[in-house]
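Student: Starting from the given sequences, assemble the full structure and let the hints guide the process.
Quick note, the sequences are listed as chains A, B, C, D and E, same order.
The numbering of the first sequence is our numbering, which starts it at 1 and goes up by one.
The numbering of the second sequence is our numbering, which starts it at 1 and goes up by one.
The numbering of the third sequence is our numbering, which starts it at 1 and goes up by one.
The numbering of the fourth sequence is our numbering, which starts it at 1 and goes up by one.
The numbering of the fifth sequence is our numbering, which starts it at 1 and goes up by one.
These stretches of chain D come out as covered by chain B in the derived footprint (C-beta under 8 Å, 3 or more residues): (1) 233-244; (2) 289-295; (3) 342-352; (4) 357-369; (5) 373-381.
These aren't lab readings, by the way, just hints derived from the structure by calculation.
Source: prediction; values computed, not measured.
Glycine included, each C-beta is placed from N, C-alpha and C at the ideal position.
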Amino acid sequence: MKNIEKLQQPDNLLEVQSIKKYFPLENNSLFKKNSRFVKAVDGVSFVVKKGETLGIVGESGCGKSTMGRTILQLQTPTEGEVLFEGEDISKFNRKRLREIRKDIQIIFQDPFGSLNQRMTVGAMLSEIIHVHKIVPKNEVLKYVQKLLEDVGLNKEHYWRYPHEFSGGQRQRISIARALAVKPKLIICDEAVSALDVSVQAQVLNLLKKLKYKYNLTYIFISHDLSVVKHISDRVGVMYLGKVVELANKKAMYQDPKHPYTQALFSSIPDVTSVNKKERIILKGDVPSPLNIPKGCRFHTRCPAAENICREKEPDFRKIANEHYVSCHLV
Amino acid sequence: MMSRFFQNKLAVFGGIFTFLLIFIALFAPFIVPYDPTAQNYSMILQGPSAEHWFGTDEIGRDVLSRVIYGAQVSLQAGLISVGIALAIGVPIGLISGYYRGFWDEFIIMRITDAMLSFPPLVLALALAAVLGAGLENAMIAIGIVLTPNFIRLIRSEVIAHREREYVEAGKASGLKDWRIISKHILPNTMAPIMVQATLAIASAIISEASLSYLGLGTQPPTASWGAMLSAGQGYLATAPWIALFPGLFIFLTVISINLFGDGIRDMLDPKLK
Amino acid sequence: MENNQLVVKNLHVGFKHKKGFTTILNGVDFSVRKGETLCIVGESGCGKSLTSLSIMGLLPKMGQVSEGEILFDGQSLTEKTKTEMSKIRGNDISMIFQEPMTSLNPVHRVGKQIAEAIKLHQKVSKKEALNKAVEMLRLVGIPSPEERVYSYPHELSGGMRQRIMIAMALSCNPKLLIADEPTTALDVTIQAQILELMNSLKQEFNMSIIMITHDLGVVNEVADKVIVMYAGKVVEYSSVKSLFKEPLHPYTKGLIESIPKLDVEQKELPIIEGSVPNPNEMPKGCRFATRCPNAVKDCFSKLPPLISVNDNQEVSCWMYTENWNHMSGERWRDEEYREVAATR
Amino acid sequence: NSAENTSTDIGGVAANEATDKDVLVIGLDDDPPQLDPHRSSAAVDRQTFQSLYNKLLDIDENLEFVGELAKDWDISEDGLTYTFYLEEDVVFHDGTPFNAEAVKFNFDRMLDPSFSSPRASEVNLLEEIVIINDYEVDLVLSEPFAPFLSVLTDRAGMMVSPTAVEELGNDFANQPVGTGPYKFDSRVSQSKIELSRFEDYWDELPAFEKVEIRPFADSNVRVTNLVSGDLDMLNKIAFKDIEILSNDPNITLLEQDGIGFQGIHLNTTVEPFTQKEVRKAINLAIDREAITNVVFHGGAIPSVSPFPPISWAAPEFEQPNANVEEAKKLLEEAGVSDVSFTLKINPRPEEEQMAQMIQQMLSEIGMTMNIEMVEFGTMLDQLESGDFQAVRLGWSGRIDPDGNAYRFFYSNASNNYSNFANPTMDKLLDEARTTVDVEARKEIYEEISDLLWEESPYVFVYHEQDYKAMKNYVKGFRHIADQMIRTNSIYFE
Amino acid sequence: MKFILRRVGLMGAILFLVSVIIFSLVNVLPGDPATLILGQEATPEALESLREEMGLNQPLIIQYFEWVTGVLQGDFGHSIRDNTPVTTILVQKIPVTLQLTIMSFFIAIMIAVPVGIISATRKGTLWDYSSTLFALSGVSIPPFFLGILLIFVFAVTLGWLPPSGYVPLSEDFTRSLMLMILPAITIGIRLSAELTRMLRSSLLEVLQADFIRTGYAKGLLERGVVFGHAFRNALIPVITVSGLQMATFLGGAVITETIFAVPGIGQLVVTSILTRDFPVVQGAVMFMAFAVILINFMVDILYTVLDPRIKLAGGTK
Ligand SMILES: Nc1ncnc2c1ncn2[C@@H]1O[C@H](COP(=O)(O)OP(=O)(O)OP(=O)(O)O)[C@@H](O)[C@H]1O
Ligand SMILES: Nc1ncnc2c1ncn2[C@@H]1O[C@H](COP(=O)(O)OP(=O)(O)OP(=O)(O)O)[C@@H](O)[C@H]1O
Ligand SMILES: [Mg+2]
Ligand SMILES: [Mg+2]
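Tutor: Structure below.
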C-alpha cells in the first residue's frame, strides 16, 4: 500500500504505515506453526498532525482498540511501522520504549478496571512521576495536586482509593494519569463510552479544555458517532481491521462516500431529527476477523455490491482533498 | 469492608477462636495447670476430673496441658508449612504467569502438573521419609506438597490480571516489569492468595496430624494434637478422653480457620460488594 | 381508563439490609395504553430496571415493593402469589433484557429454550412447541430457522441472540412486552435492525411495549410516550414529540442538551453540574434540586407533584406551578443546602 | 455381651455355629513379607510357615526337642556330626517325595552365597551334608555348635520342595511348596493368605478344610475383629487390651513367657557411651517395674539379661530396682555431667510411651535424652552403619541361649550394633558354644549375664510375654514359648 | 483427534516427570532394601550378593533407564521382597481401590447434591448455616480419627457393620458392600464436604446469572429454574474440582485403607515406602498419577458434554 501522505512532514506527529496485527488462533501445538489468525488490524495507514484530534469510529470488534495498543507498542505489530516524530518506535528496545512512553499515553474505556484498586490516587500518580523524573522529589505532591485540580478533582482526592469515586471521577483520574508525564499524544480508547450522557458531556468538555491548555494531540476512538464528531478534526471509519474512509469531519459527516459509512451514519438514532429519516438497514452481521471476505471486505453486507467488489480489494484512494476512501464504486 | 466481615457471624466465631488459639499457644507456659511432660504413674488413664479437666493419658500426663501445648505445634505446623509454600509459590507463580513462554508452559507448569498428580499424602510421606522424622521436616514436606497449588493459583490470577487495563496502563506509563508485578499485580491477587492460604493452613494441620499418625511428625515428648490422637486412639474404648480432646481441638481449629477464610473471601469478593 | 393495559400507582421499591431499608423508587406513577409504546429514560441507576422488575415480580432477593400498586388488566400484580405470577410471566407479560450475551442459558440449544416457554403456557407437545419455536425464529428474521433451533447461544452473534430473546418473549403472544435496554449492547447497524424488527412486530402483535433505555435517540425512534426518571422518581411524562420539541423539566432539558449534536457544531457541550446524590443523602423535596440551576430554598424541602402542563405533558417541578412566584426567590445551590441540612 | 450377639448376624459367621464351619481364620499383627522360609527375616512370617512347612525337629511345651521330619537323630561324640533318620512317607504338596536328597538340597540352598539367605548365618558352620541313604543324612559341622539342634526347629530346619524351587526360581515365594499340614492356595497382599488342607499329609490330617490368615497392622482393629467374630484367633494383642479381653466371657486369653528380650542398644564407640559408667548409670536409673506396669499392664517381665526366666540360662541374681542415687554417684565418680543423647525408636504407641518414661527417669539423674522416631527401614540402615547413639530394638529370641547372646555381644558379630568388643565376653561366648554339657553352659551364661550388666552395652528392659486370644470354641492350641501357631493341632468344639 | 493426540503427548510428559520425581525420591530414601529383606540375621556377603542381584549397585541413571525401558514394554518390574511382578500386585489392588472410590463418590454425591442445593437456594438461612457447618466438619476431621470413630460406633458399640477387612465383590456381594461402607463413608464425607462447598458457591454464582432471570421471566418456578437451568451450569466447576481432588482422594485413602484393612493401592504405597520396595512404590505411584491424569482427561471430555461452549481444541480458559 502506498503511503498516503508524504513522510517527514514537519507537522506530522505520528505516522502509521500499513500496520497489521494478527493474533494466532489459540493453538498450543508444540511444533506446528499457526496457520489461522484473527486479523484484528489488517493494514492501516494514516498520519496524525500536531495538535489535531483524529477520531476513529467503527463497530465492535473492528480492531479499534488493537490499533491503539499497537501504536503504543503494548502489542508488537505483526507488520508495519509506527513513526513518532520521525522515529520508528516499533524497533525500539525495552528501555527506549519506556522512555518514549512518556510522550504517548492512553486512556481506557473502563473506569473501574483501568485503575489499580489497591493504590491511592496519589501513590499511583507519584509513582509514574518518580519513574520519569518529571519533577524533583519534593515537588511531587504539589505537582500531583495541581494535576488533580486541572482535571476537576480536588487536592484531598490525593489520599483516596479508586473505589471511593464515581465513574466520571475515575475517568478524570485516568486522564490525570495520562497527563502526569506531559505527553504529546494521547490515545483515548472509548474514554467516555461507559459514562452517562450528562457525565460524558463533562468529560468531553474537560478533554477539549486540556487539549488547548497542554497543546495535546488526540487519537479519539469511539463507536459513538456524535461524540466523535463533537471532538475530532478528522475522522476515520474502520471496518474489519481496515480504515475504509478517512476525511475531515465536515466532509465525512455531510457527504460520506463509502456505502458502509453511509449506512452507519443513517443507523444512528438521532435526537434532533424530528422526522424519522430514511434508514439504510444492512443485512446480516459483521463477518468474523478470522474469515475476512475476499475482495472488498464489506461486499457481503453492501447494498450496492457489484462483481468487482467480490473479487478485487479496493485501494485506499484519495478522492478529494484530505478525503480517502476504499471503495470501487466511488 | 470490615463490616461485611462482621456480619458473617460464623466468620467472626472462626476469627475469635483462631485468635484465642494463637493466644493460648503463645502463652501456653502461663496457662497450663501442669507440666505437659510430667508423668505420674499413679494417675494413668484417669477420666476428666476437677484436677485434670481433660483427664490424664496413658503415662499419667495431664491431657489439658498437653492440648494447650499442642496448639503451639499444630499452629506452627500450619503457619510454617504454608509460609514455605508461599515463599516458593508466590515468586514462581508471579514470574511464570507474567512472562509465560517456554519456561512457564513446558517446565514450571508441567512440574506442577506432575506434582499435583501425586496423591499429596503419599508425596508428603515420601518426602518426610527422605528428610527424616521430626516436626521441622514434616513442615518442609507439607510445604513442598502445598506449593504447586499456590503456583497454579497465583499464576492464573496473574494471567487474569496482566490483561487488565490497569496493568496495561502501568506498562503504558513506562513502569518496569518487576514494579508492575510487585506493586500492582501482587497486591491485587492478595485476596485469593489469602483465602487459599487460610484453607491450606487448615489442611496442613491435618496433614501434620496424619504424618504424626504414621510416626513421621512431631517427636515425643512434644505434645502435638496429631501425635496425641494417634497415641490415644488405642484407648478409645477405655479412655476416650485422650484422643477425644485433641481430636476436638483439631476439628475446632480447622473449622475456625476455614470459617475465618470464608469470611475473608466474602469480605474481599468484589462480586458480593 | 379501561384502555390502560398497565397502571403503576405511587410505586415505592427499596432494599432491605442490615441497617434497615433504602428506598430507591420513590412514588412512581405512569400508565401504558393498549398498543402503545412507552419509553423510560434516565441516567444509570435511577431505577429504570427496578421499575420493570417490579412489574414482572422479579425483584432481587432483598428488594421489596413497600408501597403502591401495579394494575395489569385491572388486576393487582403485587397481590398475586408466586404461582399466579409465574402463569402471567412469559404469557401475558414478557421481558427482554439488555445483555443478549448472558441472558440465554449457554448449555441449552436455543430452540429448547424457546420451546420451554411455549410448553409452559400452552398445552402442546414437545414437538409442537419446537415447531412453534421455528416459526418464531422465522418471524424475527433468522435465516434457516430449522437449523438454527439446534444452535447453542455461543454459536450466534449478538444481534441474533437478541432476536432469539425477542422470539422467546413473543412466543406466547403477550399483551405487554417489557424491553430493558434491548439494544444497548449492540452495534449501531445491528441496533437499527432490531429496532426496525420491534417496530414491525409491534404492529403485527398489537401489544403494549415498555422500552427502557438511556439513549434519547432510541426514544425518538420508537416511543409514543416517554417518562423521564431521575433518582427513583418520574420527573416528566410526555409524548415523544413534545418532549424533544419542548422539554419542561430542567433535568430533561439538561439531558437533551448535553448530547453532542450531529447537525450543529458546538464548541463546548452544555452540562448538568454535579452528580446524583446517593440514596441516603437525597433532599426531602425535589431530588434534582442539588443540581438544578433554578432551585430555590423550598425546592429542597417540598416535593413537587406531577402536574399536567398541557395535554401531552406532565412534569414534576415547582416552576410549573402557580406557587413558583410565591416561593422565595432566593436561589440555592447544593453547598448551601448541605450546610443547612447539616445544622438541622 | 451385646456386641457379640448382634455382630453375629452381620458378620456372616455366627459364633454359635462356629463349630460347623470348616475354616480357621487367624489374625496376624502384620502382613508376612515372605513365604519362603530361607529368605525370610521377619518374625511374623513364621506363623504362616508353621502350616506350610515341617521342620526337621520341633520343640514341645518344655522346650525339649522332639522329632518332626526327622523321627530321630544322633550326635557324634565330638559334637560335629548330626545324623538324622527321616520320616519315610512324606511328600511335598507338589507330590514329590521328601528324602535325604531334599534335605541336602535345602541346606545347599541356604548356604549358596548367590542366594543370599538370611539363614546362612545359622548354618554356616555346616561343612558337609552326607546322604547315607534315602532316609538317613549326616550333617557335618566344622566346629562344635551347641545351638545347632535348636536352629533346626525353626526356619533353617524347614524343608521346601526342591522340584518347586527349581521350577519356580525366584517365584517360589509366591507359590510356596512344603510338606506342611496345609498347602498354599492364594494370597492377596495386605489382605489375606488362604491355605487348604493337604490331603496327603504324612501325619494326622488337620481339622480344617481351609485356613485363612489375615493381617491387621492396627491392634485396635485386630481386637475388634476378634470380638465381632470375624477372626477365630489372634496373634499378639496390645497390652492395654489384656484386661478387656481377659474379662470377655467368649474369649480365651493365653499367656506364655517369651524367649526374647527387649532393651536399648548403646553405641559404645560414640560419645557419650564410650564410658562404661555412663552406660551403667542408665542401666541403674531405669525403673523397669514402672515400665512393665504402665506400658505393658503387667504383660511383660522386668529384664536384666538376654535370657528370660523361662530359659535355663536365666541368671539367678535378683532384679535390681531403679537406683537413682547409685547412678548419680557413678556419673559423679566418672566425672561426667550434662550427658545428652538421642534414642531412636520405631513409631509405635508403646515404644513412644516407654521412651518417654525412660526420658523422665533419666532426667532424674541429669541426663537429657531426646527421642527420634525412625521408621524401621531407616533404623536398620543406621544400625548397620553405626549412625546412632542409642536405639531401642529387641530380639524375638531363640530357644538356645546362644541365639540370644552370641550375635549381639561377640566382637564384630553380625548384630553387635553396640560395637561391643570385650575379650572376656568373646571367650565366654565361644566357650558356651562349644560346651555340650548344659550345667556347664548355664554357669558360663551366668557369667555372661553378669558381665553384660557390668559393661552395659545393651540396656535390658523387659521380656515380653506372648498373648494369644481366641474364641472359646477354639481348642487344641499348643502355646509353646516360640510363640508359633501350630495349626495342625487346632480344632473347633 | 488432534486434541486427543495432544493430550496424550501432555500425559506422557507429565508421567515422565512423575517417574523422574518418584524415582529420585525413592532412591534418596535412607535405608537399604537389601538390609530390610534380609533383616538382622543377614551376613555382609549375603547383603552384597542380594544388592548385586537386585541391580542396586548400578549407577542410578542406568537403574532408571532400565526401569523406564521395562515400563515402556509394560513390565513394571518385580517386588524386591517376594519377587511378585508389580503388575500382578497392581491388578490385585485396582479393583479394591476402584470399589472404594466408586462407593465413596456415590456417598459423597448423595450428600453433596441435596445439601449444596438447599444451602444455595436458602442462602443465609439456618439451613445454609447448618450445611456450611456440616461441610466444614467434613474437611476438619482428620480421616484416621473419623475412621476409628466410625468403627468404634458402628462396629464395636452398635455392631451394625463389620469393623474392617475386605472381601471381593465377586466372592460375597453383600458382605463386600458391608465391609466397604465405613471406609467409603470416611472418604465420602470428606469429599462431600468439598463438593458441597463448591456446589453451593458455584450455584450461588450461577443463580446470579442473567439467564436465570430469563428463566423466571418465562414463567418458570424456582424448582424449574434451579434444576432446568442452574444445576447443569453449576456442575461444571464442581466437576473440575472433583477431578483435581482425585489425587487427594486416592492418597487420602492411604490412611483409611490402613485403618479398615482394605488392601488398596494407598496402603500398598505406604507399606512399600516403609519397606523400601522400590519397584512397587514406583509402579503404584505411576499408576495413581496415570489414574489422576486419566480422570482429569475424562473430566475435560465431560465438560464438552455439559458445556457446549468448550471445544476440545485445547483452549486454556
Ligand atoms: N489478545 C487477543 N488475542 C486474540 N484476539 C484478539 C486479541 N485482542 C483482540 N482480539 C480480536 O481482535 C479483534 C479486534 O478487537 P478490538 O478489541 O481491537 O476491537 P474494537 O474495535 O476495539 O472493539 P470494541 O468496540 O468492542 O472495543 C476482535 O475480533 C478481537 O476478538
Ligand atoms: N440488589 C440490589 N441491592 C441493593 N441495591 C440495588 C440492587 N439492585 C439495584 N440496586 C440499586 O437500585 C438503584 C436502581 O437500579 P436500576 O437497576 O433500576 O437502575 P437502572 O436505571 O436500570 O440503571 P442502568 O441504566 O445502569 O441499568 C441503583 O441505585 C442500584 O444501586
Ligand atoms: Mg475496544
Ligand atoms: Mg438497568
